[in-house]
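All chains, please: the whole structure from these sequences, using the hints.
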Amino acid sequence: MDVDLIFKIAGIAIIVSVLHSVIKQAGKEEYAWLITLTGVVVVLTMVTRLIWDFFSTIRVMFQLP
Amino acid sequence: MNVFQVAVLGVVCSLVLALIRRERPEMGVMLSLAAGAFILMLVAPRAVGIMLVFKDAAERAGVGSTYLGVALKVLGIAYVVDFAADLCRDAGEENLASRVELAGKILILVAALPVIEGVFQLIQSLLS
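Chains A and B are the protein sequences, given in the same order. For the first sequence, position 8 matches number 8 in this note's numbering, and the numbering has no gaps at all. For the second sequence, position 98 matches number 98 in this note's numbering, and the numbering has no gaps at all.
No lab work stands behind these hints, which were simulated from the structure alone. Heads up, the beta-carbon is just placed ideally off N, CA and C, and yes, glycines get one too. Certain hints may be false.
[What the hints assert, rightly or not] Label-pair ranges, simulated between beta-carbon atoms: (1) B:R46 - A:K28: 47 to 57 Å; (2) B:V6 - A:V60: 18 to 28 Å; (3) A:W52 - B:L122: 22 to 32 Å; (4) B:L52 - A:Y31: 53 to 63 Å; (5) A:V41 - B:R22: 18 to 28 Å; (6) A:F55 - B:L127: 37 to 47 Å; (7) A:S21 - B:G69: 23 to 33 Å; (8) B:A57 - A:V22: 51 to 61 Å; (9) B:K55 - A:S21: 51 to 61 Å; (10) B:F120 - A:G11: 54 to 64 Å; (11) A:S21 - B:G92: 17 to 27 Å; (12) A:V60 - B:G92: 41 to 51 Å; (13) A:L44 - B:N95: 33 to 43 Å.
[What the hints assert, rightly or not] Chain B is nowhere near these chain A residues, computed Cβ spacing over 10 Å in every case: (14) I6; (15) A13; (16) E30; (17) Y31; (18) T38; (19) R59; (20) Q63.
[What the hints assert, rightly or not] A short, non-exhaustive set of chain B residues, derived as facing chain A with CB atoms under 7 Å: (21) V8; (22) L15; (23) V29; (24) L33; (25) A34; (26) R60; (27) C88; (28) G92.
So, in structure tokens, the structure goes:
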């Protein structure tokens with residue numbers, strides 16, 4: 001759980017958006033959306049893991065159920 | 001975890017967000033969510049110390065620990081609801097944000113019920 005997680009997410013987001021527009025220019029629209037979808041899924045798993053850790057620390061700190 | 005690292009992280013994330021929000025808004029929302037959670041997780045261990053100080057002060061002052069527990073729970077609920085509502089608003093979902101806030105208010109009321117009952121009983125005993 002280090003700060004590079006944030007930069008990893010930022011990197012994936014930038015790469016996916018660049019790839020999307022490049023491939024869209026190349027005329028392969030459906031592949032562009034495929035790449036965007038995989039990027040979103042990967043980032044989503046990373047973010048949910050981070051959110052789970054965040055909410056568990058909050059739960060411990062405030063003794064929430 | 002000093003304040004400069006937190007500030008740098010916030011600035012860098014908002015710069016990256018400025019770049020990707022125009023192209024991929026959904027990625028932008030996820031990145032802002034991750035950055036917000038991460039910044040606060042860096043500070044969380046320090047906040048536990050604050051909680052302990054309050055707990056000791058409450059015990060020494062003789063205040064019932066139930067009241068402190070309820071206050072802590074309400075603080076936690078308010079904080080989490082605020083985090084989620086701001087995120088929904090950030091993603092452009094004003095409606096969802098107010099729904100989350102309403103649910104949070106109800107949960108806070110539920111958590112604070114024992115204290116409210118205590119106050120009513122106190123008033124009754126004073127009047128009678």
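- Item | Violations among the numbered hints, reported as their numbers in ascending order | Violated: hints 3, 7, 12, 13, 14, 15, 19, 20, 21, 22, 23, 26, 27 and 28.
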